[in-house]
Amino acid sequence: MSNPVAVDLENLTRVYGTVKALDGFSLHIEPGELVALLGPSGCGKTTAMRILAGLDEATSGTVRVDGRDLGAVPANKRDMGMVFQAYSLFPHLNVLDNVAFGLKMRGVGRAERQARADEMLELVGLAAHRHKYVDELSGGQQQRVALARALAIRPRVLLLDEPLSALDAKVRAQLRDEIRRVQLEIGITTLFVTHDQEEALAVADRVGVMNAGRLEQLAAPAELYARPATPFVAEFVGLSNRLPALVNGAGARVLGCAVPTLPGSVPSGAGLALVRPEAVVVKADEQGAATVTSVMFLGPNSRVYARLADGTQVQAQLASAEARAFRPGDPVSIAIEPVPVLVVPGPAPART
Amino acid sequence: MTRVLRAVLWLVFGLFFLFPLYAMADFATRDLVHGGRTLRAWQNLVADDALFRAILVSLGLAVLTVAAMLAVLVPTMIWVRLRAGWARNLVEFLCLLPLTIPALVIVVGLRNVYLWVTYLLGESPLTLTFVYTVLVLPFAYRAIDAALGAIDLRTLAEAARSLGAGWITTIFRVIVPNIWSGILSAAFISIAVVLGEYTIASLSGYQTLPVQIVLIGKSDGPTSVAASLATLLFGFVLLMILALVTRRRRRTVAATTVPTTPTGVRT
Amino acid sequence: MAGRSVGRRLADGAPLLPFFALVVIFLLIPTGTVVVNALFADGGFSPARLGALFSSTALTALWRSVLLSGATALIGAVFGAVLAWLIAARPPESMVRRGVLALCSVLAQFGGVALAFAFLATVGLNGVLTLWVQQLTGFNLAGSGWLYALPGLILVYSYFQIPLMVIVFLPALEGLRRQWREAAVSLGASGRQYWREVAVPLLGPAFLGSVLLLFANAFAAYATAAALVSQGSPIVPLLIRTALTSEVVLGQSGFAYALALEMIVVVAVVMVAYNALVRRTARWLR
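Chains as they are written, first to last, in the working numbering: chain A, 1 to 352; chain B, 1001 to 1267; chain C, 2001 to 2286.
Because the hints were derived from the structure by calculation, they are not lab data. Among the clues, some could well be false.
[What the hints assert, rightly or not] Once the Cα atoms are required to be at most 20 Å apart in a straight line, the calculated SDA-like pairs of lysine to any residue come out as:
1. A:Lys104 - C:Arg2196
2. A:Lys104 - C:Gln2179
3. A:Lys104 - A:Pro74
4. A:Lys104 - C:Trp2195
5. A:Lys132 - C:Thr2281
6. A:Lys77 - C:Gln2179
7. A:Lys77 - C:Ser2190
8. B:Lys1218 - C:Gly2191
9. A:Lys104 - C:Tyr2194
10. A:Lys104 - C:Ser2190
11. B:Lys1218 - C:Gly2145
12. B:Lys1218 - C:Ser2230
13. B:Lys1218 - C:Gly2143
14. A:Lys77 - C:Arg2181
15. B:Lys1218 - C:Thr2242
16. A:Lys132 - C:Leu2285
17. B:Lys1218 - C:Tyr2148
18. A:Lys104 - C:Gly2191
19. A:Lys104 - C:Thr2242
20. A:Lys77 - C:Gly2191
21. A:Lys77 - C:Tyr2194
22. A:Lys77 - C:Arg2196
23. A:Lys77 - C:Arg2178
24. A:Lys104 - C:Arg2181
25. B:Lys1218 - C:Thr2281
26. A:Lys104 - C:Val2200
27. A:Lys77 - C:Glu2182
28. B:Lys1218 - C:Ser2233
29. B:Lys1218 - C:Gly2232
30. A:Lys132 - C:Arg2280
31. A:Lys132 - C:Ala2149
32. B:Lys1218 - B:Ala1007
33. A:Lys77 - C:Thr2242
[Said to hold, decoys possible] Derived contacts from chain C toward chain B, CB cut-off under 7 Å, selection only:
34. Gly2013
35. Leu2022
36. Ile2029
37. Met2263
[To be verified] Partial chain C-side listing against chain B, Cβ under 7 Å, derived:
38. Pro2030
39. Val2078
40. Gly2254
No residue lacks a Cβ here, since even glycine has one placed at the ideal position from N, Cα and C.
Given these sequences and hints, build the entire structure.
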């Protein structure tokens, strides 16, 4: 792509009656970057995208693309390519005409339209299906056509609204990689909305986690995973154990181990440490205070569940080869690796 | 702009459709002798012997038709889905056929058949039940089919049978309670169809309500109009009750609609 | 082996007998009777009965039926589509919408006789509107008795054709997915382009199919016309009535059979066209 553009969503608020779908939401996307908006249903991620696309209007706030305010620009003039979750292909047109649709709207001549549409279909690997109709395609193929259609107009921004949510698991993974490949090849600035954290982490340059209309954290996937800024992020992304901890000046003590704390943790006193399963160490120990309750085989890794003396449940993630040694009922001792954790305020949790 | 346009259009349609209904109400309460208003026409619905009898006949026919329709159609449709899948298309075709064959055609060819029926069962207008059951098949089929499609019939039936229930129990105590909205829908629409059916009744010489209304129409306008308005209102109330009871349906149109074929008007 | 599966089929089919018996006796046999009696008389193939269909009475009635059906099909389709559009714009659970749809159902499917009297009460000789207009301007709205002839029939038939269109076409309108409009818009389509390139092509077949449906419906309708027109037989259904009830001319029942066959043929042709039109495209708007 010749000149990828930056996208700025500044302080967007969207109110429906008494419901605040977006509450002062701001986001900056670098040129050529793929940002994933991640969050549970109702967090406002789709609303933010629709406002960017022009399909919805913000109650207040500004949308800028390449520095220019798009407030007064109607949706059909914003030059953005959008891929919807499902059902967006026109059933009365074949694949080629679907892909060429945007070009037809721009008055491009027939021969050139078809040539460019063919080019796009090559890009997504569906050139052989150009004369098929929507009901002859599988879900994955339909979304690839939708992607080709969105890109055919050479938009400045690509918007993907949960494009994989309606697909089968296996197809989802394949298509996810394909979308990323195409995006990198073209170098287009992209916003990807999803509720699936694995998808977001796999595909994005940066991930923005949203909750109740606000942005909780915006960071690269690895950073988001290792250094969550808020309890919501820590719980939403990846799994966490909630273990009793005592915070002092140097860090926290969790299950007898010294563990550094992340910024945003309780400054001192008791709290709950959010510990990743892979940071839990399980050792067979005749005098151990904990007992294994179950072992779950997950393929390359396994999860070992153990109960501490005070009844707290802990889950640890081990390589399956190691986990094989443990049986329910085995006495073990639990230790925590010195990986930084977030300590949140709280009494004993309802469940781990 | 669209807002104003919509409001204007609603108004125009409202006038066109509601005015005749208002006119009916006005006409039916008109006192032709003294001027002013009277409820005489409405009282005639009960007071006039022939008319009252016709009302009873039509109501009786409606009840019998609904009973016959349910007795024949519900087990058949369940059986087709569970055991006789090969017959599914045939049954659907036959159920929707009455929409393609005008009632007028049926009555022309009905003479011989009804010679037998009256020979076996007598001259009562209630023998119209048989034909009426056929006439309501398309509406009833659609309603019940939708309800059957919304539940997992096979699983329900197999679960019931595996727990020891016989077929009768399975149908009446397991399946029917789950397709209640479809059954209700079929029943109400059938009632409305029967109450308004004129073609076959009149050309076969039976005195049902619509037939009587037309007969009286020549001599006593207000009473006919009152009876007609009553029929329309009754049908409307039935369908509104149905719409309220089957609130959970996604497409409100489906419950009260004719399958998309012609001669939907039961005339 | 084959015997067993046939036996199994018969056993599985047995509970279906009451249904089949009902349909055969009260639907198929009458229809068959009509067809047979229209073509055969006195034991042999008799073209005379069919020939009667080409008499001037029969042809005039046919022409008027076609005119009535065509006119009300178009009127019903256009206005019904507009009304359906109005209804579709309302929220799905609104009371107004349910009320309007229930009214449409009643008028379109169960009205028959009642509709005739509705218009008699409105623009008949002593109709409410007639009297008002007379009081205001002295003009007798019902003077020429137009209500009891073709113009009147067109008006009254529209009263049930428009609601029928709503019932038949509304699902198609609602089948127009929001995503298509949004996709078209995001690809650069203006309002007019969306309608021209997406909505109209998608709704077109459904609309035309509805026109055919309305045509067949009007063609086969009887009750309303019978209630309005007590004497004379301007249209085919009323001609059948005359043929069935007339004691004047012997052999009239043969005429009724022929007319009924004509009716079956017309409706069947229209329905075949409807199916051909709608079969592939109905899936789009599911």
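Status of the hints after comparison with the structure:
Of the supplied pair hints, the one linking A:Lys104 and C:Arg2196 holds, its CA atoms being roughly 12 Å apart against a limit of 20 Å. A distance of roughly 19 Å separates the Cα atoms of A:Lys104 and C:Gln2179; the hinted pair therefore holds under the 20 Å criterion. For the hint pairing A:Lys104 with A:Pro74, the CA-to-CA distance comes to about 18 Å; that is within 20 Å, so the pair holds. With a C-alpha separation of about 14 Å, the suggested pair A:Lys104 and C:Trp2195 falls inside the 20 Å cut-off, and the hint holds.
For a cut-off of 20 Å, the pair hint linking A:Lys132 to C:Thr2281 stands: about 15 Å separates their Cα positions. Restraint check: the Cα-Cα separation between A:Lys77 and C:Gln2179 comes to about 17 Å, which is no more than 20 Å; the hinted pair holds. Taking the CA atoms of A:Lys77 and C:Ser2190, the gap is near 9 Å; set against the 20 Å cutoff, the hint holds. With a CA separation close to 54 Å, the supplied pair B:Lys1218 and C:Gly2191 exceeds the 20 Å bound.
The straight-line distance between the Cα atoms of A:Lys104 and C:Tyr2194 is roughly 12 Å, inside the 20 Å bound, and the hint therefore holds. At roughly 12 Å between alpha-carbon atoms, A:Lys104 and C:Ser2190 fall within 20 Å of each other, so this suggested pair holds. Distance hint between B:Lys1218 and C:Gly2145 is fulfilled; the C-alpha atoms sit about 15 Å from each other, no more than 20 Å. Proposed proximity of B:Lys1218 and C:Ser2230 is supported: the alpha carbons are some 9 Å apart, at most 20 Å.
Distance hint between B:Lys1218 and C:Gly2143 is fulfilled; the C-alpha atoms sit about 18 Å from each other, no more than 20 Å. This hinted pair checks out: A:Lys77 and C:Arg2181 have alpha carbons roughly 14 Å apart, not beyond 20 Å. Using a Cα cut-off of 20 Å, the hinted pair B:Lys1218 and C:Thr2242 holds, with the two alpha carbons roughly 18 Å apart. Proposed proximity of A:Lys132 and C:Leu2285 is supported: the alpha carbons are some 18 Å apart, at most 20 Å.
For a cut-off of 20 Å, the pair hint linking B:Lys1218 to C:Tyr2148 stands: about 13 Å separates their Cα positions. Between the alpha carbons of A:Lys104 and C:Gly2191 the distance comes to roughly 15 Å, so the proposed pair stays at or under 20 Å and holds. Restraint check for A:Lys104 and C:Thr2242: the C-alpha separation of about 60 Å exceeds 20 Å, so the hint is violated. The suggested pairing of A:Lys77 with C:Gly2191 holds, with an alpha-carbon distance near 12 Å, which does not exceed 20 Å.
Taking the CA atoms of A:Lys77 and C:Tyr2194, the gap is near 14 Å; set against the 20 Å cutoff, the hint holds. Using a Cα cut-off of 20 Å, the hinted pair A:Lys77 and C:Arg2196 holds, with the two alpha carbons roughly 18 Å apart. Using a Cα cut-off of 20 Å, the hinted pair A:Lys77 and C:Arg2178 holds, with the two alpha carbons roughly 19 Å apart. Restraint check for A:Lys104 and C:Arg2181: satisfied, since their Cα atoms lie roughly 16 Å apart, inside the 20 Å limit.
The suggested pairing of B:Lys1218 with C:Thr2281 is violated, with an alpha-carbon distance near 48 Å, which exceeds 20 Å. At most 20 Å may separate the alpha-carbon atoms for a hinted pair to count; A:Lys104 and C:Val2200 meet this at roughly 17 Å. Straight-line distance between C-alpha atoms of A:Lys77 and C:Glu2182 comes to about 13 Å, which keeps the hinted pair within the 20 Å bound. Proposed proximity of B:Lys1218 and C:Ser2233 is supported: the alpha carbons are some 18 Å apart, at most 20 Å.
Between B:Lys1218 and C:Gly2232 the alpha-carbon distance is near 16 Å, which keeps this suggested pair within the 20 Å criterion. With a CA separation close to 14 Å, the supplied pair A:Lys132 and C:Arg2280 stays within the 20 Å bound. Only pairs whose Cα atoms come within 20 Å are accepted, and A:Lys132 paired with C:Ala2149 is rejected, the gap being roughly 53 Å. Restraint check for B:Lys1218 and B:Ala1007: the C-alpha separation of about 40 Å exceeds 20 Å, so the hint is violated.
For the suggested pair A:Lys77 and C:Thr2242, the alpha carbons sit about 66 Å apart, so the restraint of at most 20 Å is broken. For C:Gly2013, the interface hint holds, since its Cβ comes within 7 Å of a Cβ in chain B; the closest pair sits about 6 Å apart. For C:Leu2022, the suggested interface contact is upheld, since its CB lies about 6 Å from the closest CB of chain B, less than 7 Å. For C:Ile2029, the interface hint holds, the least distance from its beta-carbon to any beta-carbon of chain B being 6 Å, beneath 7 Å.
For C:Met2263, the shortest C-beta to C-beta distance to chain B is roughly 6 Å, which falls under 7 Å, so the interface hint holds. A least Cβ separation of about 3 Å between C:Pro2030 and chain B falls short of the 7 Å threshold, and the interface hint therefore holds. Hint on C:Val2078 is violated. Least Cβ distance to chain B is approximately 13 Å, over the 7 Å limit. A least Cβ separation of about 11 Å between C:Gly2254 and chain B goes past the 7 Å threshold, and the interface hint is therefore violated.
Of the hints listed earlier, those the structure fails to meet are numbers 8, 19, 25, 31, 32, 33, 39, 40, in rising order.
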